[in-house]
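Next come the chains, spelled out residue by residue.
There are 2 protein chains.
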Amino acid sequence: MQMISSAVQKQMEGASWIRQMFERGLELKRRFGAENVFDFSLGNPDIPPPPKTGAMLSALAEQAKSPMAFGYCPNAGLPAFREAIAGMLTRQQEVAVAATEVVITCGAAGALTSFFRAVIEPGDEVICPAPYFVEYGTYCGHFGGVLKPIPALLPSFQPDVDAMEKAVTDRTRVILINSPNNPTGCVYPQETLARLGRLVERVNATRERPLFLVSDEPYRFLAYDGAVVPPVLPLSPFALLVGSFSKSLSLAGERVGYIAANPSMPDAALLMSAVAMTSRTLGFVNAPVIGQRLAMGLLEEGVDLSIYARRRDAMAKVLADAGIAFTMPQGAFYFFPEAPGGDDLAFTEALLRHNVLAVPGRGFGLPGYFRLSFSVENKVITGSAAGFVAAAAEMR
Amino acid sequence: MQMISSAVQKQMEGASWIRQMFERGLELKRRFGAENVFDFSLGNPDIPPPPKTGAMLSALAEQAKSPMAFGYCPNAGLPAFREAIAGMLTRQQEVAVAATEVVITCGAAGALTSFFRAVIEPGDEVICPAPYFVEYGTYCGHFGGVLKPIPALLPSFQPDVDAMEKAVTDRTRVILINSPNNPTGCVYPQETLARLGRLVERVNATRERPLFLVSDEPYRFLAYDGAVVPPVLPLSPFALLVGSFSKSLSLAGERVGYIAANPSMPDAALLMSAVAMTSRTLGFVNAPVIGQRLAMGLLEEGVDLSIYARRRDAMAKVLADAGIAFTMPQGAFYFFPEAPGGDDLAFTEALLRHNVLAVPGRGFGLPGYFRLSFSVENKVITGSAAGFVAAAAEMR
Numbered sequence: 001m002q003m004i005s006s007a008v009q010k011q012m013e014g015a016s017w018i019r020q021m022f023e024r025g026l027e028l029k030r031r032f033g034a035e036n037v038f039d040f041s042l043g044n045p046d047i048p049p050p051p052k053t054g055a056m057l058s059a060l061a062e063q064a065k066s067p068m069a070f071g072y073c074p075n076a077g078l079p080a081f082r083e084a085i086a087g088m089l090t091r092q093q094e095v096a097v098a099a100t101e102v103v104i105t106c107g108a109a110g111a112l113t114s115f116f117r118a119v120i121e122p123g124d125e126v127i128c129p130a131p132y133f134v135e136y137g138t139y140c141g142h143f144g145g146v147l148k149p150i151p152a153l154l155p156s157f158q159p160d161v162d163a164m165e166k167a168v169t170d171r172t173r174v175i176l177i178n179s180p181n182n183p184t185g186c187v188y189p190q191e192t193l194a195r196l197g198r199l200v201e202r203v204n205a206t207r208e209r210p211l212f213l214v215s216d217e218p219y220r221f222l223a224y225d226g227a228v229v230p231p232v233l234p235l236s237p238f239a240l241l242v243g244s245f246s247k248s249l250s251l252a253g254e255r256v257g258y259i260a261a262n263p264s265m266p267d268a269a270l271l272m273s274a275v276a277m278t279s280r281t282l283g284f285v286n287a288p289v290i291g292q293r294l295a296m297g298l299l300e301e302g303v304d305l306s307i308y309a310r311r312r313d314a315m316a317k318v319l320a321d322a323g324i325a326f327t328m329p330q331g332a333f334y335f336f337p338e339a340p341g342g343d344d345l346a347f348t349e350a351l352l353r354h355n356v357l358a359v360p361g362r363g364f365g366l367p368g369y370f371r372l373s374f375s376v377e378n379k380v381i382t383g384s385a386a387g388f389v390a391a392a393a394e395m396r
Numbered sequence: 001m002q003m004i005s006s007a008v009q010k011q012m013e014g015a016s017w018i019r020q021m022f023e024r025g026l027e028l029k030r031r032f033g034a035e036n037v038f039d040f041s042l043g044n045p046d047i048p049p050p051p052k053t054g055a056m057l058s059a060l061a062e063q064a065k066s067p068m069a070f071g072y073c074p075n076a077g078l079p080a081f082r083e084a085i086a087g088m089l090t091r092q093q094e095v096a097v098a099a100t101e102v103v104i105t106c107g108a109a110g111a112l113t114s115f116f117r118a119v120i121e122p123g124d125e126v127i128c129p130a131p132y133f134v135e136y137g138t139y140c141g142h143f144g145g146v147l148k149p150i151p152a153l154l155p156s157f158q159p160d161v162d163a164m165e166k167a168v169t170d171r172t173r174v175i176l177i178n179s180p181n182n183p184t185g186c187v188y189p190q191e192t193l194a195r196l197g198r199l200v201e202r203v204n205a206t207r208e209r210p211l212f213l214v215s216d217e218p219y220r221f222l223a224y225d226g227a228v229v230p231p232v233l234p235l236s237p238f239a240l241l242v243g244s245f246s247k248s249l250s251l252a253g254e255r256v257g258y259i260a261a262n263p264s265m266p267d268a269a270l271l272m273s274a275v276a277m278t279s280r281t282l283g284f285v286n287a288p289v290i291g292q293r294l295a296m297g298l299l300e301e302g303v304d305l306s307i308y309a310r311r312r313d314a315m316a317k318v319l320a321d322a323g324i325a326f327t328m329p330q331g332a333f334y335f336f337p338e339a340p341g342g343d344d345l346a347f348t349e350a351l352l353r354h355n356v357l358a359v360p361g362r363g364f365g366l367p368g369y370f371r372l373s374f375s376v377e378n379k380v381i382t383g384s385a386a387g388f389v390a391a392a393a394e395m396r
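From first to last, the protein sequence lines are chains A and B. One point on numbering: in the numbering used here, the residue at position 114 of the first sequence is 114, and numbering is uninterrupted. One point on numbering: in the numbering used here, the residue at position 57 of the second sequence is 57, and numbering is uninterrupted.
Since the hints were made in silico from the structure, they are not lab data. All clues stand as given, with none of them false.
Ranges of calculated distance between the beta carbons of each label pair, as one might list FRET restraints:
id: 1; chain 1: A; residue 1: G323; chain 2: B; residue 2: A269; range: 41 to 49 Å
id: 2; chain 1: A; residue 1: N378; chain 2: B; residue 2: P74; range: 24 to 32 Å
id: 3; chain 1: B; residue 1: V95; chain 2: A; residue 2: R30; range: 26 to 34 Å
id: 4; chain 1: A; residue 1: R30; chain 2: B; residue 2: P151; range: 51 to 59 Å
id: 5; chain 1: B; residue 1: E208; chain 2: A; residue 2: R30; range: 33 to 41 Å
id: 6; chain 1: B; residue 1: E208; chain 2: A; residue 2: R396; range: 50 to 58 Å
id: 7; chain 1: B; residue 1: K29; chain 2: A; residue 2: L299; range: 24 to 32 Å
id: 8; chain 1: A; residue 1: E208; chain 2: B; residue 2: T90; range: 52 to 60 Å
id: 9; chain 1: A; residue 1: N378; chain 2: B; residue 2: A269; range: 35 to 43 Å
id: 10; chain 1: B; residue 1: N36; chain 2: A; residue 2: G87; range: 28 to 36 Å
id: 11; chain 1: B; residue 1: T90; chain 2: A; residue 2: P122; range: 39 to 47 Å
id: 12; chain 1: B; residue 1: L305; chain 2: A; residue 2: A269; range: 36 to 44 Å
id: 13; chain 1: A; residue 1: G87; chain 2: B; residue 2: K29; range: 25 to 33 Å
id: 14; chain 1: A; residue 1: G87; chain 2: B; residue 2: L305; range: 38 to 46 Å
Okay, derived cross-link-like pairs now, DSS-like style, lysine-lysine, Cα gap no bigger than 25 Å in a straight line:
id: 15; chain 1: A; residue 1: K166; chain 2: A; residue 2: K148
id: 16; chain 1: A; residue 1: K52; chain 2: B; residue 2: K52
id: 17; chain 1: B; residue 1: K65; chain 2: A; residue 2: K379
id: 18; chain 1: A; residue 1: K52; chain 2: A; residue 2: K65
Heads up, incomplete: computed chain B residues facing chain A, CB under 10 Å, no partners named:
id: 19; residue: T105
id: 20; residue: S273
id: 21; residue: A287
id: 22; residue: Q292
Heads up, the beta-carbon is just placed ideally off N, CA and C, and yes, glycines get one too.
Please work from the sequences and hints to get the whole structure.
Listed below in structure tokens is the structure:
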């Protein structure tokens, strides 16, 4: 029986490497016990939410007696929360963002799919640097969009702006960037961003149908050694920012994020209305209200970043001790090291034999590398050291 | 500038009548004060959540100290919650539903879009009785599906099964029903459902690509005068049920629902895996975890239904006193009366002149009628009486 559509059948067959590792990991954990498996496959924030979260939930418990406490809210989000985010972005992005230029979404993922639905015609192209977050292709593909990943510069993982410009065609609708980057942990400097902004401006000078520059930034809060994550909205009138509270507040399961447009974008309010509408018609309806209220109350809070910083150092030591080459991540919670021997599949298989779970780089569009999430307890990092040494030795 | 795609542009121009009424209502409330406007336009449950909700939130406040309290959960939902829903459905639907046949979704809307994404090829048709919930067309249209509404029988609003069968083609992928119904409040009896089940079986006897029977049931809990809402999963191996906690627990803004398949469906687990995957790739990722935990703890609870029953009676009296013809709703919280004079637009405009907000039937695919939501305080119903009388008189 043909139960599912051909497009989705194909997506299922190409089931993501992250998911495959997840399932291999479950099997290993059953066999050897969870404490003997070192799982770096998932980017699931594991630091407790800010201490104030409990008090916020208690306050919501009081409000639960009121009739509309958790009823529908406007598709674009709670008005006070949109205002609060506009205020936060005005300070952070150095442009005056108004509430009408912000839509609250079901996480960054919901922001991207709602945005793609609003702007993409079938056949439109989305350009992004590779390696990249693997779902981007599916997000735009639902609506006939085609992802065109452009190899990043190595070993810095910085976007190759010249190659991206060459790849632009009449059908290019979006340039999508992600900094701090998943999977590489690199942060794009102001100079690179400015070049991307100028690229977009050059293209739009002769266009009736604008090219958008979208920055997906769930990891903006997480940069190390004083690295600066420059604002993106000022780069172009057609710049948009996608943010999320999944990682900054450890609320990944509650699904709250947002999308904001440069206030000088022509028809910014029209575009944002369209995104609010597609957010409704895609079935999100509105971002979860409890999550919205939590995030609104926690806007000045954050998880303890020093925990991630210490883990990064511990992970770097494990890799260095195993003789594995890597670029030190400046942000997010991922390493994207070179696979010893050059074959990422062979190396992640070798790691599996030592109960270490990592995701092969081909899962992110760049074979020869592998991804480690260091959003794990310190004992997982230190416990994996022998496995990395042994697996790397097997590759020689 | 062409900011948005042509398909979405078209959707925005046809902005829903519900939304237009909402905006007209805001204007009236500004001018005359909210207490002088009688708003029956929105189906927003306004009864407080069950009393236990506050205690559940307080318990969650305790758990907020734990690292993964609100982290990602499996795309298909919290395993314990899937189990609990499977148990609930096994009792309610009289078939043995397993957790693998249930996917937790972002409300009923998220269930429908994820399901449509999983099964629809461009050009596939979705048949539903008219009048119908207006977003159905957009839900399947995102993925190239085409809604084919078939006029219901009048004045009962029961589905015209013969006409639906005649409308089936090789491209018909889904028959979508909704009982208790929005906008009519009618409940489909066992005999009608059985005929729909046999229709689906006849079609599937010669098909490699099955026709699905999907019942959208956010109002299952809300039937009056002892009306029975029969189970739908036993109707066909290809039957699916879509449910929600939005109305039964007054949690509409928190977005928790589910989809469940008849356990005897061939490849039910494959289809449910596909729905879990499309739910992830459409950007839902997972239904909000706080909402999932609340609903799991409130599975045996419900809002006070007697409040809705009293309102139904009060609304019926207002309509009868104004000489407006209607079929008494057996479920949900809507009346779908005939527009005095026969023109639903003219009559809802007349109502507006008396500060009464209702939605014209054409917004649901049936001109000549109008929808009233009685999910409003009693004083709104009684306060509107003079307006209904006056507006109806103007039509004579």
